[in-house]
Amino acid sequence: MAIKLDLVDRKILTELDRNCRISDSQLAKKVNKSRETVRYRILKLQEKGIIIGFITSINPNKLGFYMFKVYLKLENIPEEREKLFKELKENKEIYWMGISDGAFDLVFAILSKSITSYYENINFLLSKWNHLIVSRVLGTMVDTRQYSKRFFIENSHPITPGDNFVTFGGNIVNNKIDDLDSNILDILANEARISLLELARKTNSTIDIIRNRIKKLEDKEIILSYRISVDLNKLGMEFYKAIIYFKRLSKIDEEKLFQWMQRQPNSQYYIRSIAPWEAELEFVVENYQKFNQIINDLREEFHNVVRNQEHLIMIYETWMPAYKEMLRPDNKSELLGN
20 MAIKLDLVDR KILTELDRNC RISDSQLAKK VNKSRETVRY RILKLQEKGI IIGFITSINP
80 NKLGFYMFKV YLKLENIPEE REKLFKELKE NKEIYWMGIS DGAFDLVFAI LSKSITSYYE
140 NINFLLSKWN HLIVSRVLGT MVDTRQYSKR FFIENSHPIT PGDNFVTFGG NIVNNKIDDL
200 DSNILDILAN EARISLLELA RKTNSTIDII RNRIKKLEDK EIILSYRISV DLNKLGMEFY
260 KAIIYFKRLS KIDEEKLFQW MQRQPNSQYY IRSIAPWEAE LEFVVENYQK FNQIINDLRE
320 EFHNVVRNQE HLIMIYETWM PAYKEMLRPD NKSELLGN
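For the sequence shown, this note's numbering begins at 20 and goes up steadily by one.
No lab work stands behind these hints, which were simulated from the structure alone. Hints may contain errors.
Stated by the list, open to error - Label-pair ranges, simulated between beta-carbon atoms:
no.: 1; residue 1: Y307; residue 2: G189; range: 28 to 38 angstroms
no.: 2; residue 1: P97; residue 2: K239; range: 17 to 27 angstroms
no.: 3; residue 1: R230; residue 2: N142; range: 38 to 48 angstroms
no.: 4; residue 1: N142; residue 2: N51; range: 40 to 50 angstroms
no.: 5; residue 1: P348; residue 2: E320; range: 39 to 49 angstroms
no.: 6; residue 1: N149; residue 2: R58; range: 30 to 40 angstroms
Where is the CB? At the ideal position from N, CA and C, for every residue including glycine.
Taking the hints into account, I'd like the entire structure generated from these sequences.
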């Protein structure tokens, strides 16, 4: 059964997802409550398992990595599926993995600094599991717009254009990071709300140095945002991915589609890909009926643009070993291309 939240809790969750490093004092002003109340509410949201983490969004492309996506339809052989899932979870090449129902059963992302090495390694991996794979699609992520979680508050809309998303991907930039940068990113990745004082202590540095390093990582767009991870099941929410095939897509059409996504409080990601389809739109909704309503609105508003769509519901997703491996200062590991 979904946990019911009052408006204050929903406002707190919304603000924390915009920037979970916001101070208690600033957050208290935004939700019109005392610092003590805000602290207590956050603690209770964690104890209830609604907030499961304070995370930092880090852009792999700004550390020199391409991101490749793999979409698989699998045979109904439960024991073999579990073996594949287990192998992927231990694979240092894998960045993210999602198990789903619908168009595909499994989706995962791979980081690589070399297209050739990616090609060789993914063919080896898929050949090993060929007996389980019904069909496969390989794609390359161009970029991804990640939207802040506005579904906590009904009729929530961005105040100004572009204020509710950050963009992953884009051009590859080989920014070099040293041991201190690596340690800062490693800690912030899953402890984004940590204080500067505690972060300085953990990295054996000073507050001023840490503040300056974080600012530089933000300026280089290695760090994109500070967000919360929530248990959607506790909120009675579901995560859907719509795979969109276009009839055409001019620059004007695409800009209108970007604006449409911004207006949807349930939007989570707009992914542009080099794949048999052109885009993936992801939404967090109460149920399939709500998702279907959103898709029907998309079809109606963009009837001259959208040719077809497939969808899947994400049952399980997790960040994988490559998320940590990419933060190594020399980027040397078993990652593809090294």
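State the violated hints by number, sorted upward, taking the hints as numbered earlier in the document.
Of the numbered hints, 2, 4, 6 do not hold.
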